[in-house]
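So the protein sequences, as listed, match chains A and B.
If you're matching positions, the first sequence starts at 34 in this note's numbering and goes up one per residue.
If you're matching positions, the second sequence starts at 987 in this note's numbering and goes up one per residue.
It should be emphasised that the hints constitute simulated quantities derived from the structure, not laboratory data.
Glycine included, C-beta positions come from ideal geometry on N, C-alpha and C.
Treat the hints with care, as some may be off.
Facing chain B, according to a computed beta carbon distance under 10 angstroms, are these residues of chain A, among others [unchecked claim]:
| no. | residue |
| --- | --- |
| 1 | Thr154 |
| 2 | Thr155 |
| 3 | Ile330 |
Some chain A residues well away from chain B (every beta-carbon gap over 10 angstroms; in silico) [as the list claims (entries may be wrong)]:
| no. | residue |
| --- | --- |
| 4 | Asn36 |
| 5 | Asn104 |
| 6 | Cys260 |
| 7 | Val262 |
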Amino acid sequence: MINLKINGFEVQVEEGTTILQAASKVGVKIPTFCHDPRLVPHGTCRICVVEVEGGRNLPTACTTPVYEGMNIQTESKEVVQTRREILDLVLANHPLDCLTCEKSGRCTLQDLCYQYDIKETTYVGERKDFEVDESNPFYYNDQNKCILCGKCVYVCSQLQGTEAIGFAERGFPTHIATPFNQGLEQSTCVSCGNCVSVCPVGALMPKSKEKFRYWETKTVRTTCSYCGVGCQMDLVVKDDKVVGVDPAMGASNEGLLCVKGKFAYNFVNHPSRLTTPLVRKDGKLVETSWDEAYEVIANKINETKETVGADAIAAFSSARALTEDNYLMQKLMRAVVGTNNIDHCARL
Amino acid sequence: MTNSVAEIKDADAIFITGSNTTESHPVIGAKVKQAIKRGAKLVVADPREIELAKYADVFLQIKPGTSLALNNALAHVILEEGLEDRDYIESTTEDFEKFAIKVKEYTPEKAAEICGVSPEDIRKAARIYAEAGKASILYCMGITQHHNGTETVMSLSNLALMTGNIGKENAGINPLRGQNNVQGACDMGALPNVLTGYQPVANPQVIEKFEKAWGVKLNNKPGITIPEAMHGAEHGDIKVLYVFGENPMVSDPDTNHVKKALEKTFLIVQDLFLTETAELADVVLPAAAFAEKDGTFVNTERRVQRVRKAVDAPGEAKADWLIFMELMNVLGYSKKYKNAEEIFNEIREVTPQYVGISYARIEEVGIQWPCPTEEHPGTKFLHVGKPARGAGLFMAVDFAPSSEMNKADYPLTLTTGRNLYQYHTTTMTGKTDAINKKAGECYIEISPSLAANLKVEDGEMVKVISPRGEIKTKARVTDIVADNVVFIPFHYADGANVLTNGEELDKYVKIPGLKVTGVKIEKLA
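Looking at chain B on its own, in the form it has when it is part of the complex (with noise of 0.2 angstroms):
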């Protein structure tokens, strides 16, 4: 997030898009209606009737796919009716006039047509949005998780950048991080191009850099990222694969291919239950849980908060970095650490954003990097004055649909998403009954239209097939969603990721287009 959670209480108005955040960051949603309470205007871009689509001045029911058009034909509103900030585009921007002219091809008429929305309704969610003070904008993986994913993030900074909503409180860009510790995995170089802070493995210096705090030789050739090293193993290019805390074989698109590629490699999983990926591993370590040990998470608004060990781990279970310390040192990198202090301070030392914090500094209260020095107090929002590169970089970018839509074969839109209760693959919230009594189960949801024209009733089982493979699961009958449009929450096993598409991915990060899948369904007898 540019910008901080309390801040969101203090906004003029919110714009969601791609995000169901009462079911999927629930405190954040009470932090929304907090702010609906104080007055602010609502502007609800999804393909489903949210929650916070009732509490919404105006609720944008878009296909599943198209939020680039509706944020392209936001943009254009905002400059046929003179709504942008001239003063911001002109002293702080780049690539304004490439911009300007790429939009006025989205009229709302056009976009309108795109999305399945009413032109009027794109009009007065622009006005909501541009003549706010601070509007801030608040996305999730229903913007991310396309074909052209980046390129729809582009399309909302745009928007953040000609109206000034940018490096002002309670305004911002704002991405709700889904886990945890996102936020902290992405800063510390979890990621194939880059080091810790973000620094690129394809840039010398830093090599260098980390050469000699590491003091050994590295690879600087950018690794691969995980669609694309599932592939490899499908392929037999990738022979030893090391899973640590997640479960492909139920959170990735196109699970059957999934299961193949992980059959086919040297298959290593590190923790807390025998998941249905690790089920599949040739060797599994115990991992012990959060409340097992000592060390931080990173929030979405970049706050690094401490965790703290309250219980002994079960048995011979260890902390996840000791297990790596160890399989290091047995690989011949001699180096110990004895707690997750002393691995916090090495991180400080080549990490500059993380350089101020200490485990002292943040024993009450976490501190939003980032934080150069122990004086400086942490930055509550980012890119004040001028954006960090220097100037704000509008971008010209095109809506093209994904492949899966418009398939005569399978002519309804699967998207995808969380329910309130269960958390990713239910590793963990599926081991208390009382989550399991409320969202035990996969479930469909489709329109009532739908299920007449199938004649499936509210509870009936149906399969639902695409080309990747097919599922039985229980109909849900609810008029949130439109009638060529479903929706199955991806936390079931056998359930939504069957039938996602792995292959289609973002052309810049490698991101696959989870939320939009075509399907058919048909009545089980």
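Excised from the complex, chain A in its bound form (with noise of 0.2 angstroms):
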């Protein structure tokens, strides 16, 4: 075990930790953009800089493993400094357009940037001008807005293995692009928005039916309804309504969400959803009341039990349900009806 100190609490971590994780063991927050607890490293944004009493430089919190004996100060007058330097560099390049940007309220960069008192650039000079990539129909990449961190790339390459972006050129024109720049379309994208769940800032942004901030919405922690993986999801509602969805760190889906779990819920708030009982009457579905609806139903089960028997009646339960609903719709046929007859998807 290595002892160390970070703003003067004495921590003790396992050899190889780093700062970022010591410091986060004892509830001190660094500051970071390019971080992933899932990711391998890579210390691009540099904002996770602190002091190391006897260091000659300021080294990345993220990167950094402990020693015996450190000494860490995380919001040093220098830290500070260059923390204050390196968002004035971001921001020499990055559109003042919080008003608008429908990141804002959740954005790494406008919270950093108040944290930090920075108003706006000092450096003035040429801007980065790209044409917005709308190919894809779930998400839009606004590379005016990018700020190089490189999550998005490594989260592709890394966790979902499907390597779609990359950076291309160097210096100031570098930016993320699909190979030859043919645009999110064209490449082999599979549209998981894996890269949109870890943008830091509104660079990858979910194109969203509802317009809304972040700060009118809650989040619920549910399971993903289609596939059997069971992923971990947060619901982003605001006023009953589902309008994104954000993937969490489950047991089986480690933070990761695909297509469907991440932006197919337009569903739940569907205007064709079923909203009362119908019946058929000469011949037509006609709107009912529920009375109505259960009368009908134990009328023609009760009859049929006294004239056929139970085991003329059966149920298809749904693979779709709740594990509540599917034990008391077999409970309804078995205990009540009177049957087994009761079966669900599971075959097909």
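Reconstruct the complex from the two isolated chains, following the hints.
Okay, here's the thing in structure tokens:
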């Protein structure tokens, strides 16, 4: 075990732990743009620099392993000045359109500029001028807002394994691109949106049907309703409407989702949802009350039981519904109707 | 799954068969790719050159419906080359000799002939699987939806048993469940022969236990499966059919017959939308979606996880359990539940695998059953030490071709599956415009040489015909299918299941052979 100090707090951690991990153990928050605990640390954005007593320069907390007796300051004057300088440089090439930017309220750049009092850049000069890639139907890529943290590239290659995007060019024109800049729709992108979910700024954004501000929303942790992987996700809800989905760190999905889990949630609020019971009258399905619907069903079940027997009744349960729903349907059929004619679509 | 999703990343070898993992279970597909980056070896056996085939050390492009012959040949090679785990076989299995004699018949040369692959590739695949320290089998409906689906699963189980790849982390036999809660629906006894936790209806002690728990007399005659109920409805034996959250008018084989059956019976449909099936109903009940209710789903690794209400259901739509409870009450059974948690607690009382799982315990992270006590952490992988039944039972099984193969009038083999974007019958995914932009309509994948023979260009309409019916759909010319094999995703109405065979069922579990259908194709003028 290694003993060190962070902002005066004594910390004991295992060898190989990074400064960032040690700090989080004692509740000290160090800002990051490019860090993701699932990725190989790459130290691209530099915003996590800290001061180490006796050190020659400011190392990045996400890539630097701790050593015995290390004494670290995470918000010293020099650290703060350096972070301000980094933010100043980032802003030199980032539009200040927070008033209309859809990421506002959930943007790490906005948050850190607020924390370190950076209102605008001191570097006036050339600005990026990329065309927004709108070719993918689920999300767009606005490289004018990209801060080149690289998280999208590494999530796509290291975790998703799709390798649809990478860094293109060098120096000022560096940007995130698909091969030969042909656009997302022409790439191997599978629209999983895992890059969108990790983007710390408004460069990769879902194409939402709803206009909303993140501070108007709440999130609700749940389990995806599509395939059997059981991905954990947070539904983003504004006024009783699902307006987005974020992946959560579930045991099976470890922060990943697929195109269906991430983007195919519109069915929940869809206008063609059934809203009242329907019963067939004169050959047509017409609206009815719950009471009448239950009565029609109960009469038919009772009549069938009396005339032919309960085994002339069958039910198909649903592999898409709750465990509790399934339990109650088979109980209804077995305990109340009186038949074991209950199956579901496991075979189909 | 015997093992867990996260374990796939650290397998030494992965054998994927009958699963288009990156499209049907994309997040598991990503884990497979992570394993490959880490150095795992990969064997893929599938009729189509699926995405993961490109990553495979050996790709076996087998003819649809021939997996059993391939698996027996893999076993043959493992025994021939002495790669089996003798200690495991001797200490924890039974009927090995019978099995060994059977697979002796399945030389790689013989299987190669049946499957349409090279014998040397079969040998290579067998070595990769058997020589790995920890080898995991991932399979899906490409293995099970056959007239011999059960025996094909047995042939995979034989491979895991003979190499000791069971009861071990990062190994196992891992069926990938296609829907969010197939596992939970099975666990809850939404099956005709078992009550919750797979307790057989035919066991008098089980019936007695549930009669006591529920306070009613129970029927001990096992019920009928979906294909049998459809058949029964068509022939007038099933008078009332209650369909909940399913769309058999698209998902079941031979939809022309399904329609006749559904029209003949008194049909109750409970769903989110007026599906193709609901349109035929006598009563339609509006249900709440997953985002509108509290409860649990059980994933493919047996993990019971929470589902939470985020928004209100529209109009008068109700949670499904509430509808069932109210209907029970109307029918004279007075039990009331205040919420899903109360139901879950009743489930725990009657289901041994669930006893230790409570909503409080799964608030943050779900628990994998079996979980017999509140102190038990849940079970990451099954069959540790020895298989749950006591000894691993080898099954000597034989390949028999589907009746749909080798038909002179229908010379092409149609196989079905999912694509990345749509889910099942598109009832939910089809409500997102961007999904439809990517995969909004039905298509048939045909090989370039078949396209040339038919004089069909990519994107042109063709007629696909089987003895059950015919459909018109768009040709997608691609070399991922072999020359005499075609593929149609089963998502779309008036699509693949107009053609499939609803009569040829697996003799054990009555699963239809959806993955093999003899068809012919005509160019549309």
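Hints and how they fare:
no.	hint	result
1	Thr154	36 angstroms, violated
2	Thr155	41 angstroms, violated
3	Ile330	6 angstroms, holds
4	Asn36	31 angstroms, holds
5	Asn104	35 angstroms, holds
6	Cys260	5 angstroms, violated
7	Val262	5 angstroms, violated
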